[in-house]
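In case you want the letters, here they are:
Number of protein chains: 2
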Amino acid sequence: MRFDSFKIQHDLVVWLTVAGDKIRQNMADQLHVKTKSGRNDLVTNRDKEIEQFYVEQIRTNYPEAKICGEEGFGDDITDLSGLIFFVDPIDGTMNFVKQKQNFATMVGVYQDGQPVIGAILDVMGQQLIVGGPENGVLFNGRPLIPLADRPIADGLIGVNSGMFAHNINHVQQLIETSSGARVTGSAGIEFIQLVTGQQIGYISNLSPWDYAAGQAIGAALGIETHTVSGEPPSLLKREVIIAGLPEIWRNFYQLQN
Amino acid sequence: MRFDSFKIQHDLVVWLTVAGDKIRQNMADQLHVKTKSGRNDLVTNRDKEIEQFYVEQIRTNYPEAKICGEEGFGDDITDLSGLIFFVDPIDGTMNFVKQKQNFATMVGVYQDGQPVIGAILDVMGQQLIVGGPENGVLFNGRPLIPLADRPIADGLIGVNSGMFAHNINHVQQLIETSSGARVTGSAGIEFIQLVTGQQIGYISNLSPWDYAAGQAIGAALGIETHTVSGEPPSLLKREVIIAGLPEIWRNFYQLQN
Chain L
6 MRFDSFKIQH
16 DLVVWLTVAG
26 DKIRQNMADQ
36 LHVKTKSGRN
46 DLVTNRDKEI
56 EQFYVEQIRT
66 NYPEAKICGE
76 EGFGDDITDL
86 SGLIFFVDPI
96 DGTMNFVKQK
106 QNFATMVGVY
116 QDGQPVIGAI
126 LDVMGQQLIV
136 GGPENGVLFN
146 GRPLIPLADR
156 PIADGLIGVN
166 SGMFAHNINH
176 VQQLIETSSG
186 ARVTGSAGIE
196 FIQLVTGQQI
206 GYISNLSPWD
216 YAAGQAIGAA
226 LGIETHTVSG
236 EPPSLLKREV
246 IIAGLPEIWR
256 NFYQLQN
Chain H
6 MRFDSFKIQH
16 DLVVWLTVAG
26 DKIRQNMADQ
36 LHVKTKSGRN
46 DLVTNRDKEI
56 EQFYVEQIRT
66 NYPEAKICGE
76 EGFGDDITDL
86 SGLIFFVDPI
96 DGTMNFVKQK
106 QNFATMVGVY
116 QDGQPVIGAI
126 LDVMGQQLIV
136 GGPENGVLFN
146 GRPLIPLADR
156 PIADGLIGVN
166 SGMFAHNINH
176 VQQLIETSSG
186 ARVTGSAGIE
196 FIQLVTGQQI
206 GYISNLSPWD
216 YAAGQAIGAA
226 LGIETHTVSG
236 EPPSLLKREV
246 IIAGLPEIWR
256 NFYQLQN
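Here the protein sequences come in this chain order: L and H.
Take the first sequence: its letter number 107 is residue 112 in my numbering, and every next letter is one higher.
Take the second sequence: its letter number 184 is residue 189 in my numbering, and every next letter is one higher.
Pulled out of the complex, with its shape left as it was, chain L reads as follows (with noise of 0.2 Å):
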C-alpha cells in the first residue's frame, strides 16, 4: 500500500508542535552538553530526548519505514529504498545552548529518494513550515506561493562561516554579487528564511538530516538543491549543498569552472 502523504504532513504537524512544546518548557533546566566530531560540534540530552521521541512515533505509526537520525538512534541507512525519515531533533544546537533562539527541530520524508514531506519548525519562534512537491506548503497553516528567480544582486545569501572564511568554492566572489552573507548556525532557520523569500540562497557543509526537510519543502517553491559537481544531494553523506534560487546555482556553478 502506497503511504497518504497529507497523513504524513499531519503527522509531522503533531509530532513537531509536541517536540517544539517540549523543547520550550523545559528551557530552564540545566543541560547536559557534550562534544561530537569537535570541540564545538554539540549534543545535549535534550537532543536525545527528541530524537527518541521522533523515533517511537515514527515506529509506531510507519513500522515499514527507515529513520536517519543525526542522533544514532535511528537505522544505518546505505541505501534510499523505500520510506525513509530523516530526524534532526535540535539543528543549531550551539544556537539552543548559548543563544537559546535561532535553532530548529526538523523531519524530512522521503521515498524511493524523492521528497514526500518535510517540515521544519523554528522552535522559539514558533514558525512552523510543512509541506512538499506533491501537497504545497503550509506556513503556520497558511500556504507559501513559489518564489520566483530574482538576480543574485537584489538578495542575502547564508553560509557556512568556515566556507566563507576560507572562500571555499569561491564563496566570497559569489557573496560579493549579492546583498551580503548571512551567518545563523542553523540549517533549519537558513532553509526557513529561503522558503520565505528573506533569503535567495544558502551554502553550507550539510548532513542529510541538515537538509532532507529544507530540500523537500522547497522543492515545491522553486528551491533548488545542488551538490559541488551539479549532481543532487546524495542523502547518504555529508557534502556541500548549494540551496537556493535557480540564479544562485547558476552564480556558483560558472565560478567553478
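Worth flagging that the hints you see were computed from the coordinates, not collected in a lab.
Copies of the same chain look alike in the list, so a pair counts if it works inside one copy or between any two.
Once the Cα atoms are required to be at most 16 Å apart in a straight line, the calculated EDC-like pairs of lysine to aspartate or glutamate come out as:
hint, residue 1, residue 2
1, Lys71, Asp117
2, Lys27, Glu54
3, Lys71, Asp81
4, Lys39, Asp159
5, Lys105, Asp159
Given chain L, put chain H in place with the hints provided.
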C-alpha cells in the same frame, strides 16, 4: 540644570515603543529604497520618517541637546560637549528590506562624551533594552544583571562579514578560539545578543549611532568597547569597534602584537 537620567530613560522607552509600532504597522507598505555609500548601503523613506520623529521629540523635550543622526536630520557634531542624542532610526536596513526581521531602532544619550542612557528595540522581536551605568538596565521591564567574564572558548562572536572574509585584524584567528562566528547584519541585534549573554563578543566597523546605545547599556553590564588601538571609541567617526566581555579584548589585543 543637570538632566534627569530617569526622565531620559522614560522618554526613550516611550519614543522607541511608538517608533516600533509605526514601523510594524507599515510593514506591508511599498518602500522607497535608495542606496547611499554603495550598492548594499540602503536607506528607505521609513528610516527618514522615524529619524524625523525622534528629532522632533528631542528638539521639543531637550532643546539644549545636540543630535547625531544616521540620516542627517540632526546636527553636525564636531565635539562631545554637552548633551548629545545619537539616533539610528532603522539599524540593519538591508535586513529590514529583505528579511523583514532582525533589525533595530536605537538611541544613545551621552553627556560630555560619557554614556548616560542607551535604548535598543528589536522591532519585530519586540525586545526593548534600556539603561545605562547609573540606572542599570531593563529588558522588557525586567532588570538584567551584570555578566561574568567567560573564556573565549565558551561563546559565540558576532562579526562584520567583510572583516571576517578578509581576516582584518586577525579576526579569523580570534574566532577560531571561540564557539564560532555569527553574521547578523544589525549592530543593534548584536548588542542585544551581547548584553543578554547570547554572544560574548562583537567586532565590526561602526559609526557612532551604531554603537552609542549599545555601549551605554553594555557599560552597565560588564561589556567593554575598544578601538583597535585600545583607545575608547571616539563617537565622532566610523571605526572598528571591539565590544564584548573583557576576555574578548584581551585576546584581540594579543593577536595584534
